[in-house]
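Chemist: The listed protein sequences correspond, in order, to chains P and X.
Yeah, the first sequence ends on 128 if you go by the numbering used here, and it's all consecutive.
Yeah, the second sequence ends on 279 if you go by the numbering used here, and it's all consecutive.
Note that these hints are calculated values from the structure, not bench results.
Among the clues, some could well be false.
[Stated by the list, open to error] With a cut-off of at most 30 Å between alpha-carbon atoms, the simulated DSBU-like pairs for lysine-lysine come out as follows:
1. Lys-222(X) / Lys-113(P)
2. Lys-113(P) / Lys-215(X)
3. Lys-103(P) / Lys-261(X)
4. Lys-103(P) / Lys-271(X)
5. Lys-118(P) / Lys-261(X)
6. Lys-222(X) / Lys-103(P)
7. Lys-261(X) / Lys-113(P)
[As the list claims (entries may be wrong)] A few chain X residues that face chain P, going by a derived Cβ cut-off under 7 Å, partial list only:
8. Phe-173
9. Ala-175
10. Leu-176
11. Asn-177
12. Tyr-188
13. Ile-199
14. Lys-222
15. Gly-234
16. Ala-235
17. Phe-236
18. Gln-276
[What the hints assert, rightly or not] Here are a few chain P residues that sit away from chain X, every Cβ distance over 10 Å (derived from the structure):
19. Asp-39
20. Leu-40
21. Arg-79
Just so we're clear, the structure is a prediction, and the values are computed from it rather than from any experiment.
No residue lacks a Cβ here, since even glycine has one placed at the ideal position from N, Cα and C.
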Amino acid sequence: MNGETNQNQVAQRPQRPEPTLLPPVDIVEDAGGITLTADLPGVDQSELSIGIDGRTLTLEAPLRLGEANSLVSVYAEVRANRYQRSFELSSELDTTQVDASLKDGVLTLRLPKLEQAKPRRIEVKVGS
Amino acid sequence: MYPSMLKPSGDLFADFAQLQDRIDELMTGGRGASSIRAVARAGAFPALNVGTWAEALEVYAFAPGIDPKSIDVSVEKGLLTLSGQRKSAQEAGKNSTVYAKERFDGAFRRVISLPEDSDPSRVEASYRNGVLKVVVPRLEAAKPRQIQVNR
Numbered sequence: 001m002n003g004e005t006n007q008n009q010v011a012q013r014p015q016r017p018e019p020t021l022l023p024p025v026d027i028v029e030d031a032g033g034i035t036l037t038a039d040l041p042g043v044d045q046s047e048l049s050i051g052i053d054g055r056t057l058t059l060e061a062p063l064r065l066g067e068a069n070s071l072v073s074v075y076a077e078v079r080a081n082r083y084q085r086s087f088e089l090s091s092e093l094d095t096t097q098v099d100a101s102l103k104d105g106v107l108t109l110r111l112p113k114l115e116q117a118k119p120r121r122i123e124v125k126v127g128s
Numbered sequence: 129m130y131p132s133m134l135k136p137s138g139d140l141f142a143d144f145a146q147l148q149d150r151i152d153e154l155m156t157g158g159r160g161a162s163s164i165r166a167v168a169r170a171g172a173f174p175a176l177n178v179g180t181w182a183e184a185l186e187v188y189a190f191a192p193g194i195d196p197k198s199i200d201v202s203v204e205k206g207l208l209t210l211s212g213q214r215k216s217a218q219e220a221g222k223n224s225t226v227y228a229k230e231r232f233d234g235a236f237r238r239v240i241s242l243p244e245d246s247d248p249s250r251v252e253a254s255y256r257n258g259v260l261k262v263v264v265p266r267l268e269a270a271k272p273r274q275i276q277v278n279r
């Protein structure tokens with residue numbers, strides 16, 4: 001019994017997380033929502049994952065440099081092969097209407113505000 | 129001389145970190161001294177990775193969001209120079225608030241010294257998914273080859 005617990009502990013020993021790259025971002029808010037721009041060089045559109053879990057937005061993608069023909073690295077400033085970054089979203093953003101595009105390694109994410117959160121004018125109807 | 133040798137081994141990641149430190153030391157020629165044109169700066173744009181193989185030296189520059197036509201790649205006297213400009217995509221309007229501005233913006237220039245055996249006349253550059261790849265072939269005479277033994 002005791003030995004079994006020990007074994008479980010060994011199996012569940014927390015693994016050191018794989019090093020990831022933190023992509024630099026620009027975040028701008030206007031009346032209609034928030035635009036997030038992230039630098040993700042070396043990421044293919046098909047492999048980019050944008051997940052929304054509750055109020056957390058997570059960007060995740062592998063970095064690929066094409067065919068590796070037994071290349072020996074002699075100098076490296078980028079030392080991980082995976083991008084990951086998370087953001088906490090506020091409640092007025094409409095997470096069902098997120099629009100994303102990736103071009104030349106730059107991701108543009110548009111997070112619109114919910115209709116009721118947008119500033120608006122109320123029309124006064126005139127009774128007939 | 130190598131204090132890391134005294135540490136107990138057994139952690140694979142620690143071993144990698146140690147190896148990385150050793151490579152850094154070799155690359156920069158020891159602590160404190162590095163190539164005058166490749167002094168490591170945190171956040172230099174674009175970040176560079178360099179690799180070699182039998183046929184060529186390959187330079188990867190992580191330069192997303194740039195029109196490839198506007199990147200200037202030149203080779204002169206054994207130096208490879210990458211330069212250009214990156215403009216910020218959207219101008220902040222009157223009614224907008226900027227919460228983060230981490231992305232690089234402005235003119236950039238990076239210089240790499242090429243090995244003696246590189247052939248500057250056949251340099252090729254391509255741009256894909258925001259990564260500029262420059263292939264500098266090795267001189268034919270410098271490529272590894274098998275020598276036939278005659279009798």
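Chemist: Looking back at the numbered hints, which does the structure fail to meet, lowest number first?
Modeler: 4, 5, 7, 8, 13, 14, 15, 16, 17, 18, 19, 20, 21
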